[in-house]
Amino acid sequence: MTMDRRQFLKGMLAGGAVAATAASAPAEARGNLTMPPKAMGLLYDSTLCIGCKACVSACKESNHLPPEYSTEDQLWDTPLDLSGKTKNVIKMYKSGTGDHKDQEEDGYAFMKHSCLHCVDPSCVSACPVSAMRKDPVTGVVTYDPGDCIGCRYCVLACPFDVPRFQYDKAFPKIVKCELCNHLASETNDTRFQYSACAQVCPTGATLYGPTDELMVEAKRRLALKPGTDHTVPRGRIDGKDSQMAKAATYVPQVYGEKELGGTQVLKLAAVPFDKLGFRDLPERSFASVSETMQHSMYGYLITPALVLGGLVVAAKRSLRDDEDNQE
Amino acid sequence: MSKIDIISMENLPGVAALEKRLGVSRRDFLKLCSGIAATLGLPSTAAAEIAQAVASPAKRPSVIWLHFQECTGCSESLLRAEHPTLDRLILDVISLDYHETLFAAAGHQAEAARKAAMEANKGKYLLVVEGAIPTKDGGIYCKIGGQTAIEMVKECAAGAAAVVAIGSCASWGGMPSTGPNPTGSSSVGEVLGKPVVTIPGCPPNPYNFLATVVNYLTFGKLPAVDQLGRPLFAYSRLVHENCERRAHFDAGRFALEFGDAGHRQGWCLYKLGCKGPETYANCPVIGFNDVGEVSWPVGCGHPCIGCTEKGIGFAKPIHALAELKSVQPPLGYPKVDEPRGVGATIASAAAVAALAGAATAATYNLTKNLGKNIAVEGDKPESKERAES
Amino acid sequence: MSNHEHSAPTPLGGSLVTSLTKTMALLIAIAGVILVVRLIFGIGSVTNVNDGYTWGVWVVYDVMVGSAFACGGYSVALLVYIFNKGEYHPLVRPALLGSLFGYTLAGASVIIDLGRYWNTWHIFTPGWAQINSVMFEVATCISLYVVVMWIEFSPVFLEKLNKNDIRKKLGRWMFLFIALGALLPSMHQSSLGSMLIVLGTQLNPLWQTMLIPLLYLMTAISVGYGIVIFESTISAIGFKRPFELGILSKLSKVMWGLIVAYLVVRVVDLVVRGAIVEAFKPNVMALMFWVEMAFFIVPAILLASAANRRRPDKLFLSAVCMMSGTFMLRINSYLVGYETGEGWNYFPSLPEMGLTVGIIAIEILGYVVLVRLLPVLPKHEAAAVK
Numbered sequence: 000m001t002m003d004r005r006q007f008l009k010g011m012l013a014g015g016a017v018a019a020t021a022a023s024a025p026a027e028a029r030g031n032l033t034m035p036p037k038a039m040g041l042l043y044d045s046t047l048c049i050g051c052k053a054c055v056s057a058c059k060e061s062n063h064l065p066p067e068y069s070t071e072d073q074l075w076d077t078p079l080d081l082s083g084k085t086k087n088v089i090k091m092y093k094s095g096t097g098d099h100k101d102q103e104e105d106g107y108a109f110m111k112h113s114c115l116h117c118v119d120p121s122c123v124s125a126c127p128v129s130a131m132r133k134d135p136v137t138g139v140v141t142y143d144p145g146d147c148i149g150c151r152y153c154v155l156a157c158p159f160d161v162p163r164f165q166y167d168k169a170f171p172k173i174v175k176c177e178l179c180n181h182l183a184s185e186t187n188d189t190r191f192q193y194s195a196c197a198q199v200c201p202t203g204a205t206l207y208g209p210t211d212e213l214m215v216e217a218k219r220r221l222a223l224k225p226g227t228d229h230t231v232p233r234g235r236i237d238g239k240d241s242q243m244a245k246a247a248t249y250v251p252q253v254y255g256e257k258e259l260g261g262t263q264v265l266k267l268a269a270v271p272f273d274k275l276g277f278r279d280l281p282e283r284s285f286a287s288v289s290e291t292m293q294h295s296m297y298g299y300l301i302t303p304a305l306v307l308g309g310l311v312v313a314a315k316r317s318l319r320d321d322e323d324n325q326e
Numbered sequence: 000m001s002k003i004d005i006i007s008m009e010n011l012p013g014v015a016a017l018e019k020r021l022g023v024s025r026r027d028f029l030k031l032c033s034g035i036a037a038t039l040g041l042p043s044t045a046a047a048e049i050a051q052a053v054a055s056p057a058k059r060p061s062v063i064w065l066h067f068q069e070c071t072g073c074s075e076s077l078l079r080a081e082h083p084t085l086d087r088l089i090l091d092v093i094s095l096d097y098h099e100t101l102f103a104a105a106g107h108q109a110e111a112a113r114k115a116a117m118e119a120n121k122g123k124y125l126l127v128v129e130g131a132i133p134t135k136d137g138g139i140y141c142k143i144g145g146q147t148a149i150e151m152v153k154e155c156a157a158g159a160a161a162v163v164a165i166g167s168c169a170s171w172g173g174m175p176s177t178g179p180n181p182t183g184s185s186s187v188g189e190v191l192g193k194p195v196v197t198i199p200g201c202p203p204n205p206y207n208f209l210a211t212v213v214n215y216l217t218f219g220k221l222p223a224v225d226q227l228g229r230p231l232f233a234y235s236r237l238v239h240e241n242c243e244r245r246a247h248f249d250a251g252r253f254a255l256e257f258g259d260a261g262h263r264q265g266w267c268l269y270k271l272g273c274k275g276p277e278t279y280a281n282c283p284v285i286g287f288n289d290v291g292e293v294s295w296p297v298g299c300g301h302p303c304i305g306c307t308e309k310g311i312g313f314a315k316p317i318h319a320l321a322e323l324k325s326v327q328p329p330l331g332y333p334k335v336d337e338p339r340g341v342g343a344t345i346a347s348a349a350a351v352a353a354l355a356g357a358a359t360a361a362t363y364n365l366t367k368n369l370g371k372n373i374a375v376e377g378d379k380p381e382s383k384e385r386a387e388s
Numbered sequence: 000m001s002n003h004e005h006s007a008p009t010p011l012g013g014s015l016v017t018s019l020t021k022t023m024a025l026l027i028a029i030a031g032v033i034l035v036v037r038l039i040f041g042i043g044s045v046t047n048v049n050d051g052y053t054w055g056v057w058v059v060y061d062v063m064v065g066s067a068f069a070c071g072g073y074s075v076a077l078l079v080y081i082f083n084k085g086e087y088h089p090l091v092r093p094a095l096l097g098s099l100f101g102y103t104l105a106g107a108s109v110i111i112d113l114g115r116y117w118n119t120w121h122i123f124t125p126g127w128a129q130i131n132s133v134m135f136e137v138a139t140c141i142s143l144y145v146v147v148m149w150i151e152f153s154p155v156f157l158e159k160l161n162k163n164d165i166r167k168k169l170g171r172w173m174f175l176f177i178a179l180g181a182l183l184p185s186m187h188q189s190s191l192g193s194m195l196i197v198l199g200t201q202l203n204p205l206w207q208t209m210l211i212p213l214l215y216l217m218t219a220i221s222v223g224y225g226i227v228i229f230e231s232t233i234s235a236i237g238f239k240r241p242f243e244l245g246i247l248s249k250l251s252k253v254m255w256g257l258i259v260a261y262l263v264v265r266v267v268d269l270v271v272r273g274a275i276v277e278a279f280k281p282n283v284m285a286l287m288f289w290v291e292m293a294f295f296i297v298p299a300i301l302l303a304s305a306a307n308r309r310r311p312d313k314l315f316l317s318a319v320c321m322m323s324g325t326f327m328l329r330i331n332s333y334l335v336g337y338e339t340g341e342g343w344n345y346f347p348s349l350p351e352m353g354l355t356v357g358i359i360a361i362e363i364l365g366y367v368v369l370v371r372l373l374p375v376l377p378k379h380e381a382a383a384v385k
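Chains as they are written, first to last, in numbering that gives the first Met the number 0: chain A, 0 to 326; chain B, 0 to 388; chain C, 0 to 385.
Chain A on its own, in the form it takes in the complex:
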């Protein structure tokens, strides 16, 4: 019995040692992916948003999504969250009396919830069949239902709770914002030319453009003294339309600058982001952590091959013992 245990432990140790050496050998620690060359995105400024839901309505129109009812009378589209019918939604934070806009106590604030188009997206890393892809040029995270198996690992993995699934359909799809990249095609039958949410936004709260330019604009706003009159672009950052605004007392952070290695959709707000449903996140992307782990164990199948070799030897020996015994 004592000997058995010793043998067993020896075996365990040997196996562990093989695994450990293998884990350190081909460990290609993968860092965060970097911003694609022509990354496109949105800048959402919570302090400019009036909660009119023009973006929600336009998103439905642009993406041909059905209305979603949350009231008994079912009069019009009133989504409460992203869903299999809704790719974009404005949500509200409210505290106390909720009298003052963009105030943490006794105030309220709006926040846009839609895909952030991560630089290093968890959904793309999680998807087992490449249905979620990141465009190598624009960085838009796209979804192809033709590839998808409906496992919903992306839904589980997304740290922003963005991809949604059609639970009410026999032939369901994942639904998520793809930055209206379908509008570039010739079959565009809508009134929109670029991200519908930005195109219709009456206040410029949602702004479309290259992420680097949006970052400059966001930093410009953060640098303003609260109360300063300034002009903000409306629609797309390189367009002609603009409007007058008063600089708000911003939280000094561009959400999406560093979170999980950055996102192409940036956010500004005057109420702390965790109150608006956007948590503090580390700078290292979860995708890179997971893939480093996975590839250090299975990179080029080196470790499994080594272990299999050991196992084959052990199995052969024990089978031989078996035969010896039987004869």
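Read the hints as simulated data drawn from the structure, not as lab findings. Because the structure is a prediction, the values reported are computed rather than measured. Among the hints, erroneous ones may be present.
As the list claims (entries may be wrong) - Taking lysine-lysine pairs in the DSSO-like style, the calculated list, with each CA pair at most 30 Å apart, reads:
1) LYS315/B x LYS224/A
2) LYS93/A x LYS334/B
3) LYS193/B x LYS93/A
4) LYS172/A x LYS153/B
5) LYS142/B x LYS245/A
6) LYS239/A x LYS37/A
7) LYS168/A x LYS334/B
8) LYS367/B x LYS239/C
9) LYS309/B x LYS218/A
10) LYS367/B x LYS378/C
11) LYS218/A x LYS324/B
12) LYS315/A x LYS168/C
13) LYS274/A x LYS334/B
14) LYS280/C x LYS274/A
15) LYS245/A x LYS334/B
16) LYS315/B x LYS245/A
17) LYS193/B x LYS324/B
18) LYS245/A x LYS257/A
19) LYS378/C x LYS315/A
20) LYS252/C x LYS315/A
21) LYS84/A x LYS334/B
22) LYS334/B x LYS257/A
23) LYS367/B x LYS280/C
24) LYS334/B x LYS218/A
Start from chain A and add chains B and C according to the hints.
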């Protein structure tokens, strides 16, 4: 009094006499009174009181109407009220003793009439002011009969029972006061140093003025006003709240530019600069010129310019976005932590509890039985093994 | 070694229509109806899964827990073939049968939960397969293992069909399948834990650790022994066979060692990362963590004593605790400890549980039918074969 049915009043002698005096049908007159009661937000029984008050010629109050820095748009608007013969009605219901535009008299004769009326109705007459009052350089930029506007308004206000400022200019300075305001245009309230009833608008809706006067006539006092002196019956709600395009705002459908698909379909004009969300007025409710529902700027496709609102009308560019006042998100607005998904129901929780309970009970029973009666294939292998090793 | 002390496996025989098999058949029929509804009206029509908890019991129980409970074959094979402990040989076939069912059904229930199941083949097809995905590894590996297990188990059928020549040919290559049968579960059972890593901070630090693959693997192996003890006990009672105390007692000692090692790794990891503070917060997650830990601590204490290891009741209790602990670790890390945003709720619906119960019923029914028809359980002279 309150029990009087307004329809039965048709046969009252006073109302019959009014028919002769004003040249309106009795039915039309009573309809007008009901309309005024509704504008004032009063119950239908008040219509009878109004009818009685207006029908009684003894109560006709003297009105002195002054004009300063203005365009006479307010008077014009009033004259274009399209209820049957309203112009004649209002001129007969009140005794308009001084009005520079409507007066037949001119020059010193007119000024003499004003002074006479003030003397005769001292402490009882109603003073209506149209237009802003220049205050810079001793008020020399507006003079009537050698008197500055400042002197004139002070003189007239001294003996007035009540002062009503009609139009945005008189109410808060209006267009003449727009920066850089070279003449130092000021409102009646500022010049008199006391709050007055204001009927702002450019022009104001005539029925708001008419209803205010009739309220005075009927109840002997002016209607309840807000902190800016505006009658609450007309100015307590934002244009945005009653706008017929509000549904488009709520549904997020906006005209993006003049003449686009959304604009042609009557969508919300907020993005084009509509000031409805920060302007208090009843324009969308009563409209102008009695031609139907959409007879007001937004109804015609132009954004509201906020003419009734100090600091908005003539101050903020027409295309500039309104700041949303009192538009807090509705209760149904999705919250960041909106409860979602289905938690445990009694049935499902009971099912899990039953499964867990059954498993626990089975384990317990089995364990108990195993302790007692089970055939055990006993020690043999181990002892054998020991022997072997 | 002493495996040939035991009799060769033989079919148990006896009637297939009993109250147990009838009940199981009824449960399977109900599950069939639920499955039809799910296929016509979508997953949401019968389950409570939502975008906050998109993987409900169909994944977390049927696959994560189901495959762990199907590790009996793997764990025993490790012992017998890799660590060359021939004395456990009689346990191989019954354990392998349990694993075969467990894994095959885990694979099948995954497909039920896949929204676009008709595309399942994409996972294994170059052009679609996405090798960065932990799920790719899990899916490929589980599928391979199911095939390997059918091959490992095929001698049983071949014996029955008297195809001894094929059986002999296969026997010459069996070492390869045995090695694969030890490698593949090590890979995917740990990867079932690795799948949690990409969830990042959505998962409570009590479960989000780089050691989660190791924790999953250790529990999978030790619950494999737990399952063998559990199945043997139930078989002993159900089929009125003698309790194989000697062999199970020794097995329990192996299991005990693994549990203690697991507890050491678990606690040291929590302390080193500082995540242990989470366990003392007054919330549901902490409570569930302690429930989970209790199920590991109880057998660790019970089996420490040699006297207890020789008592069928304590062995059985330890096995049940081990299974519960493994169950809780998976439920906690995929459901209880997961929070993607505020406001989400999930609790399985009745039809959802009904389908899971139906799958368990298939396993029980299949096991009963096959041990009666095929040579799986070792022959016992004393056994009162009905």
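Now for the hints, and whether the structure bears them out:
{"no.": "1", "hint": "LYS315/B x LYS224/A", "in the structure": "22 Å, holds"}
{"no.": "2", "hint": "LYS93/A x LYS334/B", "in the structure": "8 Å, holds"}
{"no.": "3", "hint": "LYS193/B x LYS93/A", "in the structure": "40 Å, violated"}
{"no.": "4", "hint": "LYS172/A x LYS153/B", "in the structure": "76 Å, violated"}
{"no.": "5", "hint": "LYS142/B x LYS245/A", "in the structure": "41 Å, violated"}
{"no.": "6", "hint": "LYS239/A x LYS37/A", "in the structure": "21 Å, holds"}
{"no.": "7", "hint": "LYS168/A x LYS334/B", "in the structure": "26 Å, holds"}
{"no.": "8", "hint": "LYS367/B x LYS239/C", "in the structure": "17 Å, holds"}
{"no.": "9", "hint": "LYS309/B x LYS218/A", "in the structure": "34 Å, violated"}
{"no.": "10", "hint": "LYS367/B x LYS378/C", "in the structure": "27 Å, holds"}
{"no.": "11", "hint": "LYS218/A x LYS324/B", "in the structure": "28 Å, holds"}
{"no.": "12", "hint": "LYS315/A x LYS168/C", "in the structure": "15 Å, holds"}
{"no.": "13", "hint": "LYS274/A x LYS334/B", "in the structure": "11 Å, holds"}
{"no.": "14", "hint": "LYS280/C x LYS274/A", "in the structure": "21 Å, holds"}
{"no.": "15", "hint": "LYS245/A x LYS334/B", "in the structure": "26 Å, holds"}
{"no.": "16", "hint": "LYS315/B x LYS245/A", "in the structure": "14 Å, holds"}
{"no.": "17", "hint": "LYS193/B x LYS324/B", "in the structure": "27 Å, holds"}
{"no.": "18", "hint": "LYS245/A x LYS257/A", "in the structure": "26 Å, holds"}
{"no.": "19", "hint": "LYS378/C x LYS315/A", "in the structure": "27 Å, holds"}
{"no.": "20", "hint": "LYS252/C x LYS315/A", "in the structure": "26 Å, holds"}
{"no.": "21", "hint": "LYS84/A x LYS334/B", "in the structure": "18 Å, holds"}
{"no.": "22", "hint": "LYS334/B x LYS257/A", "in the structure": "26 Å, holds"}
{"no.": "23", "hint": "LYS367/B x LYS280/C", "in the structure": "36 Å, violated"}
{"no.": "24", "hint": "LYS334/B x LYS218/A", "in the structure": "28 Å, holds"}
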